[in-house]
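Could you build all of it, start to finish, from the sequences and the hints given here?
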Amino acid sequence: MTNQWRRATAVVAAATMTLAACGQTTTPPAASGTVAPSASVAAAKRGAGDDLKILYWQAPTILNAHLATGTKDSDAARLVTEPLASYGPDAKPLANALAAEIPTVANGGVSADLTTVTWKLKQGVKWSDGSAFTADDVAFTFSLMADPKTAVSTSDAAEGVKSVVAKDANTVVVTYNAPTPNFYQWGVGTCCYILQKKQFEAFQGEKLKDAPGNLKPIGTGPYVVDTFKSGDVVTYKMNDQFRDANKPYFKTVTFKGGGDAPSAARAVFQTGDVDYAWNLQVEAGILKPMADTSTKGKLLTVYGSSVERILLNFADPSPSLGAKRGEPDTKHPFFNGPDGKTVRTALAMATDRKTVAQQIYGDGLAGKAGCNIVTGVPDYESTATADFCSKFDTAAAGKLLDDAGWKLGTDGVRAKGGIKLNIVYQTTVNAVRQKTQDIMKQNWEKAGFKVELKSVPADVFFTNTSPDGANHFWSDVEMFTNNSDPDFTNYLNGWTSKQATGSANNWNSANYNRYQNPAFDTIIDSLRTEKDPAKRASLFKQANDILILDVVIIPVVTRTQVTSGISNTLKNVVPTGWDSEMYAVQDFGK
Amino acid sequence: MGRYVARRLLIAIPTLIVISFVVYAILALAPTDPLASFGADPRVPPEVRERIRESLGLNQPWHVRYVKWLIAIAHLDFGYSFMSRSPVIDLIWQRLPNTLAVVGVAYIIGVLLAVPIGMISAVKRYSVFDHLSTTFAFIGFSVPTFFTGLLLIIIFSVKLHWLPFIYDSTLKVTSLSTLGDQIRQSIMPITVLALFDTATIARYTRAEMLEHLPLDYVRTARAKGLKERLVVLRHVLRNSLIPVVTLVALGIPAVFGGAIVTEQIFRVPGIGELLVRSIGQGDTPVVAAILLIFATLVVLFNLLADVLYGVLDPRIRYS
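Chains as they are written, first to last, in this note's numbering: chain B, 1 to 590; chain P, 1001 to 1319.
These are computed hints drawn from the structure, not numbers from a lab. Think of the CB as a built atom: it goes at the ideal place given N, C-alpha and C, for glycine as much as any other residue. Where hints are given, some of them may not hold.
[Said to hold, decoys possible] Among chain P residues calculated to face chain B with C-beta under 10 Å, some are: (1) P1031; (2) A1036; (3) F1038; (4) A1040; (5) P1042; (6) E1050; (7) Q1060; (8) L1096; (9) N1098; (10) A1101; (11) P1164; (12) E1273; (13) G1282.
[As the list claims (entries may be wrong)] One side only, chain P facing chain B, incomplete, derived with CB under 8 Å: (14) R1003; (15) R1007; (16) I1011; (17) T1032; (18) L1035; (19) P1045; (20) R1051; (21) E1054; (22) K1124; (23) S1157; (24) H1161; (25) I1166; (26) T1170; (27) T1174; (28) G1280.
[As the list claims (entries may be wrong)] With a straight-line Cα cutoff of 30 Å, these simulated BS3-like cross-link-like pairs (lysine-lysine) come out: (29) P/K1172 / B/K45; (30) B/K288 / P/K1159; (31) P/K1068 / B/K209; (32) B/K590 / P/K1159; (33) B/K296 / P/K1172; (34) B/K454 / B/K324.
Below you can see the structure in the form of structure tokens.
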């Protein structure tokens, strides 16, 4: 008993310390002597609270995160199943899950050539059914992810991983095919929730989709699924086997799904019906007064890498091209030619991101004016672009075009050699985006562009099959939000020439812009091998600067990654922009 | 009569097949995609998407999928949902009780209120009651449910804090207090829906009553010296209700279809909510199953309405 108590206290201390220190991962887990704000609750007894009410306006439909079709599934699964480690608020791994410590080159956990990573697991962890959690379960989870037949949506994390082997019951060795600078690729964050071998062993390959465990997984996390009504609600009980004897605080959790974001905001700010309301994507003009005047709840936000960006098309989207429409080997009539950079720069100069950030995103409430695509990790944040982005001047943009020979016609649209600066600007159907479009249109037209606005329902926009989709990009500019892992290599890979989307890859590749620049490709190639963190940071900045200064994309606002509402009584909620919002749900208390 | 019913049932089969084909074709041609929820997520690259698509069977041409689906349906196998990977029929069974508890109860209340209201306003035409009920009926079917729903939420949940607006489908009625909770959580959606149903049926009843009141047989009944009460209840109402019964019967399939808007507003996990979400997510097996069940119910209740017509009105005979 005393032993168990001491261990639990050590884990609590380690967890609170790492939280407080924002993931100084070299701290030995047994370090003591911390007085963290959460100490009072951490000392509280397991199950001292009643029911934690979480509301997601998208309902979870499956609880196996590897078969998830969205954040809602993955988040609902996180209460039950856990990865080896989480990504903390500082984008660095945090040992609040199954790993006892974070392996680094310094502590010998990562080999000098960056090909093998040795994970030490916490001792004495049990599955909620009482059986022992071992390294075998970890290796088994990898085998599910690496098997193409399972068709899991998390398989990309297993790409380039040679093997995950259980060295002994508490040690896992991850070996990559080649030196991998992003050596936390497999094991950390939403990619890699560990499943119980016993529960899923009979459901490998194609059979995975039929596993009953998909709806009721056994886990090591703080809660156990009690009932699950797919597309409606999950109720959880606390996991009596949870490794931390004092956690979780709540006896039960109700994870309700459905409805819409504005009424979810109402439920947390005005009626107090819920403790946690996820992703309140509501226009700032409505959200701000609701949160400000609320006596029941407050807004919980944190920045990650989410950027609302405008993409410029380098291929020619003219319907007259027929089968060649939008193919990577076509050239956009004015964005991609001798005057291409001038026209693109003029468009960027006529972009008023400040007004958008202030009026639509509440000036820091849900987003701030941003100028980088690589953002959220201070070391990677470029400063070279600030000057370029600070120049919002429609007159100067007009003059730039004038000087290049793009003369204003009687219809107010600039033209040169019979080519008019007519722009079709597409995005998803969303009140916030339509307002942004209006502001852009107004300013761009002042500079001499003619802008036609188009909006497409999100579920049609994000498909490779739809001609109105982001992938086909059969318009001149388009706008949406995307985000990255803490390592930006794969994300930036989406602008390399090889990734140019077209009919050859079934409109499936990530380079929707069809931007092709060998200098940029070289940087991404170097990122795949460069081991020195300082040099990597410099490469990330270089890649970022090319995309911004060559005006491939126009970042509009850096958006908060988490925009949730929590009740005033809910404590110890420290959001991260790099992992599931539920990454530390065991710490939540009242 | 028996032959008539049998013939109608036989005709129903090709009808349903045609309906299922149209439904499936529309779904196949719609641009929605079950993989759209991944957005442009760089963590789910093209190869992975293709693999998922293949595991869902979406790499086959849609007519092949349709034939396979039709064969499965013939064996009463509705397939698996793309989103939850669980049997579609389970999802429907899970949601049916909620839909019946809200939409069904609202419909019953609507009918129970509408018939007396319609009757009284016809008999006391142009009275204060008639004017009030007419106004109420027009409000009922001209104000959309999303508006009345939000209005009720703002008054009773946000301002007064009397009622919850998040429907809890895990609530089990085991005692008086849980029954109270169940009533509290369903009273707003039921009111919204019942308002609409009452309005429609009351107007219909009133119109039918007004049509029958001046007829000869009513005058005869009065001439026989029957009390006005008996004239209205036994003679006029009975005859006027024949088309109303048909209307009510035809409305029953809609109950099983759920109330898309109201269920969404109050987060009632019913069939309507499942349907609209599945359409958005391109979850073809769920959409196809719900629409097919719905179509079957419409066909069956149409038949039932016709049969009832014959039973209630001896002048109508089927051969």
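Now the hints, each set against the structure:
1. Taking 10 Å as the C-beta cut-off, the interface hint given for P/P1031 holds, the closest approach to chain B being about 4 Å.
2. The criterion of a C-beta within 10 Å of any C-beta in chain B is met by P/A1036, whose closest approach is roughly 4 Å, and the hint holds.
3. Given the 10 Å rule on beta carbons, the hint for P/F1038 holds: about 7 Å separates it from the nearest Cβ of chain B.
4. Taking 10 Å as the C-beta contact cut-off toward chain B, the hint placing P/A1040 at the interface holds, the least distance being around 5 Å.
5. Nearest Cβ of chain B to the Cβ of P/P1042: about 5 Å, under the 10 Å cut. The hint holds.
6. Checking P/E1050 against chain B: minimum C-beta separation of about 7 Å stays under 10 Å; hint holds.
7. A distance limit of 10 Å between C-beta atoms decides the matter here; for P/Q1060 the minimum to chain B is near 14 Å, and the interface restraint is violated.
8. The criterion of a C-beta within 10 Å of any C-beta in chain B is not met by P/L1096, whose closest approach is roughly 12 Å, and the hint is violated.
9. Taking 10 Å as the C-beta cut-off, the interface hint given for P/N1098 holds, the closest approach to chain B being about 8 Å.
10. Of the supplied interface hints, the one on P/A1101 is violated, with its beta-carbon coming no nearer than about 14 Å to a beta-carbon of chain B, more than 10 Å.
11. With 10 Å as the threshold, the beta carbon of P/P1164 comes within range of chain B, its nearest partner Cβ sitting at about 6 Å, so the hint holds.
12. Residue-level restraint check for P/E1273 holds (minimum Cβ-Cβ distance to chain B is 6 Å; threshold 10 Å).
13. For P/G1282, the shortest C-beta to C-beta distance to chain B is roughly 7 Å, which falls under 10 Å, so the interface hint holds.
14. For P/R1003, the shortest C-beta to C-beta distance to chain B is roughly 44 Å, which exceeds 8 Å, and the interface hint is violated.
15. The restraint placing P/R1007 at the interface with chain B is violated, with a minimum CB-CB distance near 40 Å, outside the 8 Å limit.
16. Given the 8 Å rule on beta carbons, the hint for P/I1011 is violated: about 35 Å separates it from the nearest Cβ of chain B.
17. A cut of 8 Å between beta carbons decides the hint on P/T1032: the least distance to chain B is about 5 Å, and the hint holds.
18. Checking P/L1035 against chain B by beta carbon gives a least distance of about 7 Å; that is within 8 Å, so the hint holds.
19. Interface restraint check: P/P1045 against chain B, minimum CB-CB distance 5 Å, threshold 8 Å, status holds.
20. A hinted interface residue such as P/R1051 counts as satisfied when its beta carbon comes closer than 8 Å to some beta carbon of chain B; here the least separation is about 4 Å, so the hint holds.
21. Annotation: P/E1054 was flagged as interfacial toward chain B, and the flag holds, the nearest CB pair being 7 Å apart, inside 8 Å.
22. Interface restraint check for P/K1124: the shortest CB-CB distance to chain B comes to about 42 Å, outside 8 Å, so the restraint is violated.
23. With a least beta-carbon distance of about 5 Å to chain B, the hint placing P/S1157 at the interface is held under the 8 Å criterion.
24. Here the hint on P/H1161 is kept, as its CB sits about 6 Å from the closest CB of chain B, short of 8 Å.
25. Among the interface hints, the one on P/I1166 holds; its C-beta lies about 6 Å from the nearest C-beta in chain B, closer than the 8 Å criterion.
26. Taking 8 Å as the C-beta contact cut-off toward chain B, the hint placing P/T1170 at the interface holds, the least distance being around 6 Å.
27. Evaluation of the P/T1174 hint against chain B yields a violated restraint, the C-beta minimum of about 15 Å exceeding 8 Å.
28. At about 5 Å, the closest approach between the beta carbon of P/G1280 and any beta carbon in chain B falls short of 8 Å, and the interface hint on this residue holds.
29. Distance restraint check for P/K1172 and B/K45: the Cα-Cα separation of roughly 29 Å lies within the 30 Å cut-off, and the hinted pair is therefore satisfied.
30. Pair hint B/K288 plus P/K1159 holds up; C-alpha atoms about 19 Å apart against a cutoff of 30 Å.
31. Under the criterion of a C-alpha separation no larger than 30 Å, the hint pairing P/K1068 with B/K209 is consistent with the structure, at around 19 Å.
32. Proximity of B/K590 to P/K1159 is assessed by CA-CA distance (about 26 Å); at most 30 Å being required, the pair is judged to hold.
33. With a CA separation close to 28 Å, the supplied pair B/K296 and P/K1172 stays within the 30 Å bound.
34. Our distance criterion of 30 Å between C-alpha atoms is met by B/K454 and B/K324, whose separation comes to about 22 Å.
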